[in-house]
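There are 2 protein chains.
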Amino acid sequence: MKELEERIKQDGRVLGEEVLKVDSFLTHQVDPDLMAAMGQRFAEVFKDAGITKVVSIEASGIAPAVFAAYALHVPMVFARKSKSITMDEELITSDVFSFTKQVTNHVSISKKFLTSADTVLVVDDFLANGQAGSGLLDIVEKAGAKIAGLGIVIEKVFQPGRKLMEERGTKVVSLARIADFVDGKVEFAEADA
Amino acid sequence: MKELEERIKQDGRVLGEEVLKVDSFLTHQVDPDLMAAMGQRFAEVFKDAGITKVVSIEASGIAPAVFAAYALHVPMVFARKSKSITMDEELITSDVFSFTKQVTNHVSISKKFLTSADTVLVVDDFLANGQAGSGLLDIVEKAGAKIAGLGIVIEKVFQPGRKLMEERGTKVVSLARIADFVDGKVEFAEADA
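In order, the protein sequence lines correspond to chains A and B.
Here my numbering is used: the first residue of the first sequence is 91, the next is one more, and so on.
Here my numbering is used: the first residue of the second sequence is 91, the next is one more, and so on.
Take every hint as true, because none was put in to throw you off.
The list makes no distinction among identical chains, and a pair is therefore deemed to hold if it is satisfied within one copy or across any two copies.
Calculated pairs, PhoX-like style, for lysine-lysine (alpha carbon to alpha carbon, straight line, at most 20 Å):
#1 111 - 202
#2 202 - 99
#3 261 - 137
#4 236 - 201
#5 111 - 201
Simulated from the structure, these hints should not be mistaken for lab results.
My request is simple: use the sequences and hints to build the entire structure.
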């Protein structure tokens with residue numbers, strides 16, 4: 091997605107070897123017009139997939155996911171993080187390790203919002219090591235729902251996330267794909283949409 | 091807002107004396123069409139206030155806030171929760187006590203996203219005891235920004251939040267105002283918009 095790549099070039103900040111900070115339009119401050127454009131792009135790609143729900147994870151997945159859901163006119167459900175290990179039979183849970191924060195989050199979605207009748211588009215802000223994506227796909231599978239695909243705002247191609255997702259048979263659609271960081275600048279691979 | 095009141099009547103669940111659970115369209119599963127309608131309503135009320143930013147707090151404030159920002163065509167910034175007391179001079183912080191979770195969250199916004207040039211609409215999902223609202227208003231004031239008002243999805247009139255907000259001179263606009271819970275049913279007071 092050209093508009094997103096331009097925005098990353100303009101406002102993204104490369105930190106060290108592996109980190110891209112996009113807190114000025116995605117992860118802390120959010121550009122709603124860009125979110126709406128991204129949501130429409132996801133909706134175009136998945137318009138014939140019979141999506142009934144968009145699933146994401148708090149916090150920075152919520153904005154892109156809710157606009158994808160808006161464009162598809164389906165509900166969005168976001169997995170909640172919690173460090174307490176409250177076992178509640180009403181919840182479907184999974185563990186997600188965060189490399190950037192070095193913590194494991196116990197994430198969960200209420201059973202009543204995901205069933206075997208659902209076809210799900212999972213949306214998240216980043217695909218890097220694939221931890222959040224795997225956790226969300228685990229939850230959707232545990233619910234018995236069908237997975238239409240994984241919609242990603244920014245993929246880091248040099249990390250193993252995409253390979254992990256594709257190995258489990260999940261279609262990945264990334265709006266921007268970062269091949270590498272060279273001298274603090276972003277080099278893009280061809281995006282999926 | 092009639093559409094919201096109808097939805098609360100239909101899908102809200104009253105738990106005990108004081109809790110309204112709206113996880114089927116606002117706090118866990120999110121109805122994007124309703125969020126868009128709410129965002130437009132906030133934008134109509136504040137269209138002449140010169141809003142430059144919408145400020146909210148993760149996680150369930152994000153969806154209504156990003157649609158208010160979308161309707162106003164301004165950026166949305168959400169305060170991040172963190173239990174670590176990392177003092178970073180780049181952050182403006184405040185403490186927010188959660189009655190439902192019985193924890194104090196240290197919430198923060200980066201200085202670079204709020205300045206004295208901003209006029210802010212603060213948006214949150216609930217106004218009950220006013221803890222989150224107070225924390226967000228503190229942050230906006232510390233940034234030297236002007237506060238145009240507080241946009242609330244659901245206000246519980248029988249709790250002191252609104253009084254606290256108005257005592258500090260903040261205009262409160264609630265789309266649904268709950269006067270009381272009677273026999274597990276919601277009784278509404280007149281909404282602000």
